[in-house]
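*Asks:* Residues per chain, in single letters:
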Amino acid sequence: MTDAALAATGPAGSAGRRALWRRHPGLLAGGAVLALILLASLFAGYLSPYDPLEQDLRNTLQPPSWAHPFGTDNFGRDIFSRVLHAAKLDLMIGFLCVFFPWLLGLALGGVAGYFGGFADTVIMRTVDTFSAFPFLVMVIGIIAIIGPGLISLYIALTLAGWSMYARIVRAEVLIAKKAEYVLAARALGYGHARIMFRHILPNVITPTIIFAMTDIVLVILSTTSLSFLGLGVQPPAAEWGIMISEGKGFILTAWWMVTLPGLAIVVVALALSLFGDGLAAGLRERG
Amino acid sequence: MIAGLEIRGLTAAIGDVALVRDVSFTVAAGECFGLVGESGSGKSMTVKAILGLLPPGVRITGGQVMFGDDDLVALPQAKLARIRGRRIANIVQDAVSALNPVYRVGAQIGEAMLEHGVARDRADARAKAVRLMAQVGIPAPDRRVDDYPHQFSGGMCQRVVIASALSCAPEIILADEPTTALDVTIQDQILRLLVQLQDDLGLGLVLVTHDMGVVAQTCQRVAVMYAGEIVETCATEELFGAPRHPYTAGLLACVPRLEGPARRLSPIPGAPPDPARAPQGCRFHPRCPLASDLCRQTQPVLREVAPGHVARCHHADRVDAGLWERADA
Amino acid sequence: MNTAAFLRKRLVQTIPVLFGIVLTVFLVVRLIPGDPARIMLGTRASEEKLAELRTELGLDQPIWQQFVTFVGNVAQGDLGQSLFYRRPVLDIILERLPVTVTLVVLSVILSVAVCVPLAVAAAMRQGSVTDQAVRGFSTLALAMPGFWLGLNLLILFAVVWPVFPLSGFGKGPLDILWHLTLPAITITASLAPILIRTLRASLIEVMSAPHVQFARTKGLGETRLMRRHVLRNGLMATVTILGVNIGWLMGGSVVVETVFSLPGLGALIVSSISARDYPMIQGIALVFGLLVILINLVTDLVYAALDPRVSYD
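Just so you know, the protein sequences line up as chains A, B and C, in that order. Take any residue in the first sequence, count from 1 to its spot, add 9: that is its number in my numbering. Take any residue in the second sequence, count from 1 to its spot, add 3: that is its number in my numbering. Take any residue in the third sequence, count from 1 to its spot, add 345: that is its number in my numbering.
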């Protein structure tokens, strides 16, 4: 008997059926924090005590206080309000820059896997070329060509991100295509569209969602990094990377301009990876 | 003094599931002892239990492994490590993957000698490794000592493993299916090498195998394992001539013979039980032609059925070599 | 095959890759939407100035001729003139290359030094408090953006408790080491967790490998067993991952050099993008490409040295 077979008969294998969130406490913790941040960003307009762009030149560089929980910046803007408003922008970029590559990868990977042949060759060679470059290097490269800015950021993150999704989708489609129920559907004479959307797509989605959960952390960290470098979102917009970049000039006197907005990034990234790990484990258990 | 090995009631389990149950046998110094059974019968697990190297989760829950005056089961790991490789060595089935691909074979033969102080230094260990390689029949040992495992064939890898096992002049060698992974022609060479070494060096050799032919060729005494238990132990000749357990008789009925009347070559119907769902009573009764109500209810114990011959069967007196042919009729 | 022949063969293999990089770098300027000259000089530039720049960059010639000229110039080490600095691009790059290379090398050394003991400790006692702590810290470190961590290190160790300098590269080995400590720690914080995860996983895999089980039967002590039969084999997977992540390190150096005001290539590419200094961008991209090729070559050599089964062929 192999050791693996032994381990499977061990106590771990016969663990009782506990609720998903109990087995993966990260899922609950991450999800709760995420929901909180999402709500806070959606109602930023109501929750934030000040206008994120309003300058108050009599109250510049104030340390954290009851009036300004995260302090004020060099223009006297309330950092807490700016962090809340920035959450909306950063989360939206994070979501869309995972959604667009996901959609593109799903379409191209699906076509490559389902139809095979020439389309497959062309698409997969393109995928190989795109994934030859490291992610951040590629994003910076694209921005170097088309110039910095919010739209450029969307384009660069989408172009740099889609190839992994295409690769995952193609592999899954190749497996699903051979499955019994798809062969049966084909024997019944169903059209390509129906087979793809009704029978293959549902099986392909899960692994892409698992990957997307790690991807979104990378995308948000890249977004803030690029904005910090001045290559992404442009001032005076409230964005975490920009806020930290503006704080860079004041680290001798106003630590809160750097540390507190960055804490928001860390919390979001941490919550996303906890939630993502839990979700991935949960989805894998379901098979 | 060269010590023998005495195993008494050894039981190893994962949780409540016994993988090895109440195993007892004795290997005298200088004896070649066979341990046979199908895969999954617990023979490899018995070897691992003796060495104190059970896989994670598996624990020894009872019994003793007496080696000289020491009970290996009760010995702390540090003391056990001093016996392992030094006084009790191991030969494994898959020699090719048992060697670390990134080290020269000489270094791998020598490391046990360095660890146990048998070799003074690296140069000494290397010189001794060359001599051992010659002893196990590896051609041009002074050159090959610096080769890597991937430059050796499967048979040559097994010779390297044997050389490494011999390196500290152990008293007992546990050989777990040493020839199974090899080509048939090489199997015979390795087996003959082992027997010759055992004879020359006066080693106690425990030969674990599923192959009755190998046992007949090499072992003086043999124990048969089924579903984690020993079902029969006796001298090899007696086992082949007068088996006293239906399972042994069934195994022997499958071995082709050159002389005598043609026999059935079909295996015993049914399959060994999953250790987690071992049947009540005798573990063999669902497959046994002699099964009675007694067998279904009461676990048989190992009892002496003839001098030096024990069997775990309620109906041992009704078993002989022709049992399965009669059962077929 | 010996090392020299292996190197020759690998160098021949890099020729198409090299060509691909040169072509990509060449296309960078040609892919600019609209008139590159106008984008570089801004909307208020005069027609004469624009025409002058087009001639300087060769944009008024047919595209194939531009490429031939470009390849010829690159082969001679002529990467053009920086529009911003008004000096040869190659000179500026050569001034700044040592900074980036030193930073990357230091970071790799530090990352490996941090990664090995932590991964070994975590792998040896899977599921223990140590293991959980190592994995927890890895997750936390990966959630921290490099630029934020770098700035906080500056606030802590250059402002509040001033033991390290605020910025700059320094002169002389010790001074450079002193200047690069915080930057290297910053890169390590995001590189080490990736290495730890890989090494931990491969150590756990190697620990149950047949050759380790056999080595146990020889009676080797746990320390020797770990060092000789587990670590050496487990490190090989990490070398590969390290090689793959070097490209990522280039990205990391861009951010960290900006944070610590290090005069390296990463900071230069950022300012060149903002300044629309395309010849400069082209030159740096070319050098980064060459560095990645070089690092892949070194990775292969190290791997071959670690694994005797890779016999340079």
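These are calculated hints, taken from the structure and not from any lab test. Treat the hints with care, as some may be off.
Selected chain B positions facing chain C (in silico; Cβ < 7 Å) [unchecked claim]:
id	residue
1	Leu102
2	Asn103
3	Ala115
4	Leu117
5	Val121
6	His312
Computed footprint of chain C on chain A, listed as stretches where at least three residues anywhere in the stretch have a Cβ under 8 Å from a Cβ of chain C [to be verified]:
id	segment
7	145-152
8	234-243
The beta-carbon is built from N, C-alpha and C at its ideal position, and this holds for glycine as well.
*Asks:* Under the criterion of a CB-CB separation shorter than 7 Å, is alanine 115 of chain B in contact with chain C as hinted?
*Replies:* Hint holds; alanine 115 of chain B Cβ to chain C Cβ min 4 Å, cut 7 Å.
*Asks:* For the restraint on leucine 117 of chain B, tell me whether the closest CB of chain C is nearer than 7 Å.
*Replies:* 9 Å, violated
*Asks:* With a Cβ-Cβ cutoff of 8 Å, does the segment 234-243 of chain A contain at least three residues near chain C?
*Replies:* holds (count 5)
*Asks:* Report holds or violated for the interface hint on leucine 102 of chain B, using the least CB-CB distance to chain C and a cut-off of 7 Å.
*Replies:* 6 Å, holds
*Asks:* Go through the hint on asparagine 103 of chain B and say holds or violated, using the shortest Cβ distance to chain C against 7 Å.
*Replies:* Hint on asparagine 103 of chain B: holds, closest Cβ of chain C at ~4 Å, below 7 Å.
*Asks:* Please verify that hint: valine 121 of chain B, Cβ, nearest Cβ of chain C, below 7 Å or not.
*Replies:* With Cβ-Cβ at 11 Å, over 7 Å, it is violated.
*Asks:* Count the residues of the segment 145-152 of chain A whose CB lies closer than 8 Å to any CB of chain C, then report whether that count reaches three.
*Replies:* Contact hint for the segment 145-152 of chain A vs chain C: holds, 5 residues under 8 Å.
*Asks:* Does histidine 312 of chain B hold up as a contact with chain C if the rule is Cβ-Cβ below 7 Å?
*Replies:* Violated, because the Cβ-Cβ distance from histidine 312 of chain B to chain C comes to roughly 32 Å (cut-off 7 Å).
The structure fails to meet hints 4, 5 and 6 from the earlier list, while all remaining hints are met.
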